[in-house]
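K.L.:
What follows is each chain in one-letter form.
2 protein chains.
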Amino acid sequence: MDGGDGDLLMQRLQAVAARVETTLGSLLPASSRPYARVIEAMRYASLDGGKRLRPFLAVESAALFDVPEDRALRAGAAVEMVHCYSLVHDDLPAMDDSDLRRGRPTAHKRFDEAIAILAGDGLLTEAFTVLSDPATHPEAAVRIDLVAALAQASGKDGMVGGQMIDISPERCDLDLQGIKTLQALKTGALIGFSCQAGAILGQATAEERARLVGYAADLGLCFQIVDDLLDVTSTSEDLGKPAGQDAEMGKATFVALLGVEGARAEAELLADAAADRLAAFGPRAATLRQLTRFVLERSS
Amino acid sequence: MDGGDGDLLMQRLQAVAARVETTLGSLLPASSRPYARVIEAMRYASLDGGKRLRPFLAVESAALFDVPEDRALRAGAAVEMVHCYSLVHDDLPAMDDSDLRRGRPTAHKRFDEAIAILAGDGLLTEAFTVLSDPATHPEAAVRIDLVAALAQASGKDGMVGGQMIDISPERCDLDLQGIKTLQALKTGALIGFSCQAGAILGQATAEERARLVGYAADLGLCFQIVDDLLDVTSTSEDLGKPAGQDAEMGKATFVALLGVEGARAEAELLADAAADRLAAFGPRAATLRQLTRFVLERSS
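So the protein lines, in turn, are chains F and A.
Residue 127 is where the first sequence starts when you use my numbering, and the numbers rise one by one after that.
Residue 127 is where the second sequence starts when you use my numbering, and the numbers rise one by one after that.
Calculated directly from the structure, the hints in this document are not laboratory data.
Among the clues, some could well be false.
Heads up, the list lumps identical chains together, so a pair's fine if it works in one copy or across two of them.
Derived lysine to any residue pairs resembling SDA-like cross-links, with alpha carbons at most 25 Å apart [to be verified]:
{"#": "1", "residue 1": "Lys377", "residue 2": "Ala143"}
{"#": "2", "residue 1": "Lys306", "residue 2": "Glu392"}
{"#": "3", "residue 1": "Lys306", "residue 2": "Ala156"}
{"#": "4", "residue 1": "Lys306", "residue 2": "Asp402"}
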């Protein structure tokens, strides 16, 4: 990726992130109801933070099929709500016990544990409210397809299952295949949904959808390997969350199993493979192809 | 309700509860995957327990419109999953810190806090997987209607909002209207969904659906008042959960505000009002009408 392409991609990422922020803010308006505090916590956990990678994937995959952007932004906001709920629950004392997220106190530090649990529950539920609204797509068949795909990606055979492996006693001793399974469930499934969302909204063919699923699988794995690399090569300040945690907890990671150089090489292979999956879409998929380099080269 | 009607209703409740159990068991099969433990916790939290009042309401309201019972049972299983998830999260140390539920250790005592949080998340998500499956109804428009209604009832403006009020510092000083709002959100919304589910599956008229919403509102409030009464008049052994907790925590309750006699009278009025809401359905609604007496006279 030359400098010009990179700059254009960064501009596009920032522009979409700004529209995601607006969408999330209008879907989660501040409230004066007697339960306003949980809504405040839901807003705290989801607004003003993150790269918005998942909504970006939804928006860009939808653009391949000329889906109106307001629909893609709603699907993107829904997946971001699920992502943010998972961070809130993962950060709880009973789980990772993290104090810092995106450079700010985690939800249970800023509010309290009970409110953080509820805010997570509320964000997960709200995602389904957003997807089931006719504003997301006029056809009920499309909306139910989105709901089914998001529930599958988030539930016991997706993100929840992955998190279960991540907190299990066996976590420290996983081999390479075990870590790939963990990643495919814990982060891959939701990234997969994000890319599928565009195909579902665009009523794409099964072949087009499968292509995006393949892209997401390679990209998601690449993303996780880079995460593992950043955990050993970055500072907490750069990451906005504690660095060096994986090694400290004795977790098996791609870096621990492959070494820094080996992990880096594997991530590069995956970034290229992901880009190749989109060849059939031609120049329309240029942004999604460039994104593979961004995921590879990101520093936080 | 004379003895004969009561016996018939009990038989019907037990028969439906058995079919709900079978449905839940087949929707949540035991697993040998690496994340089997969270599935075990989801099964522990949802199988072999409870009156299954919400699924019963779904099944009986669906019967008014000749909905095939397997569809009603799926909607009933979905709402029971949401109910059970809410119990698991409410019982957590950061919330009510309860050790006992349905006469057994709560999920976080039987497993641990992290697994209990995840099992709750998994049950909530699984409910949407169940509703979005074509087996629940062949028409996507019906399924998305169910999803939207369940998400609304469970989320920030429903059960989550109610729970937020329940754990707030203002909880102890609520007046009668405040407690009614709390109840309508925390327990009423899900009971309302259960009754609506039959109307949605049966593609009932708006008027028929509104009638069931009214019935559910009266029944739900009656149910909560009886809950408050049982908390002061029953033993922990009878309830299968700790008795006397509300008074101990200084919570405003219907009993605290109306007295035992006043609360009992209000519950009786509501049971009668709920039954009257169903007059237009004629003899077909006999079971739902009898249920109002069961809710009033239950001892656990």
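K.L.:
Now look at each hint and say whether the structure bears it out.
P.N.:
We went through each hint and held it up to the structure:
{"no.": "1", "hint": "Lys377 x Ala143", "result": "neither (32 Å within a copy, 44 Å between copies)"}
{"no.": "2", "hint": "Lys306 x Glu392", "result": "within (12 Å within a copy, 59 Å between copies)"}
{"no.": "3", "hint": "Lys306 x Ala156", "result": "between (40 Å within a copy, 23 Å between copies)"}
{"no.": "4", "hint": "Lys306 x Asp402", "result": "within (21 Å within a copy, 59 Å between copies)"}
The structure fails hint 1 only (numbered hints given earlier).
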